[in-house]
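Student: Sequence:
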Amino acid sequence: MRYVLVNKPFEVLTQFTDENGRATLKDFVPVPGVYPVGRLDYDSEGLVLLTDDKGLQHRLSEPRYKVPKTYLVQVEGLPTEEALANLRRGVDIKTSYTAPAEAELLPEPPADMWERSKPVRFRAAIPTSWLKITISQGMNRQVRKMTAAVGFPTLRLVRIQIAHLPIAGLAPGQWRELTEAEAAKLRSAYSATKMPGERTVGSKTDAAAAAKPAGAPRPTGTKPAGTRPAGARPAAGKATGAGKPAAAGKAGRFSDSADKPKGKGGFKPAGGGAGRKAGPDRSAGGGRNSGR
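Taking this note's numbering, the leading residue of the sequence shown gets 569, the next gets one more, and so forth.
Quick caveat, the hints were computed from the structure, so don't treat them as lab data. These numbers come from a predicted model, not from an experiment.
In silico EDC-like pairs for lysine to aspartate or glutamate, Cα to Cα no more than 20 angstroms straight-line: (1) Lys713 x Asp660; (2) Lys700 x Glu644; (3) Lys713 x Glu650; (4) Lys700 x Glu676; (5) Lys713 x Asp609; (6) Lys686 x Asp595; (7) Lys713 x Asp611; (8) Lys700 x Asp611.
Pair ranges (Cβ atoms, derived): (9) Glu748 x Ala693: 51 to 57 angstroms; (10) Val688 x Glu748: 34 to 40 angstroms; (11) Glu670 x Asp586: 32 to 38 angstroms; (12) Pro734 x Lys634: 15 to 21 angstroms; (13) Gly706 x Ala736: 18 to 24 angstroms; (14) Tyr665 x Arg755: 30 to 36 angstroms; (15) Tyr603 x Gln705: 19 to 25 angstroms; (16) Ala749 x Phe584: 25 to 31 angstroms; (17) Pro668 x Arg709: 15 to 21 angstroms; (18) Arg691 x Arg632: 39 to 45 angstroms.
Even for Gly, the Cβ is constructed at its ideal location relative to N, Cα and C.
Given the sequences, and given the hints that come with them, work out the whole structure.
Tutor: Encoded structure:
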């Protein structure tokens, strides 16, 4: 398995192809067979993890696993303590509420922050500030929506850490492979524990599949819904013979084309006339109703 960290530059797609000819990760990472874990917006910068470990890729991208991601965010204005408290508590971003985040105001711009390929546009009369925000969700443009919701729009967004993996030492466009120790720690943290309700067998959850395998016999003394008690008479108008559906509409006719017998000599519907004996079930499968 291969695990790669790359510092995605501004205006680069977090994918390896683009029909419109825009820059992609293929222009920077010549490693075949690896794919991004999650996404980072075209107009955002910073750390992206690539891997060919599909199981781990899924888990790290799944919000239920709450993988922390840390960003340095340049915003317009000087955020108040109330705004920071709102970010920490969770904010209404119109489509939903965000989970609580870690948010702090940096006393000065990050010393090791590189220049962006296109300078940030800001108004001379309005100062800018830098925040450090950590979230464990992955909603579309979440950090930008969060800062805008508390009144301080994002001007620049740089992801600097995923889980325990920092961007340290990577300039824009540079990449490196994880050390064996880093990869082992990542697998240990996000591959060993199974989350509640995680799907593991077809469409069944792990708990359901383990508790009741497909085809398991019904416990003694239980009856499926709709079972007629012993000795009870069937309701009037319903079929009494095995494999004979209830008549609908006029006697001897089917109300649904899906209930019509296939081939010649199919079963006769109940209610086909007084004194007449229902014929044997000759539908496909011998003794079973073909119109399921």
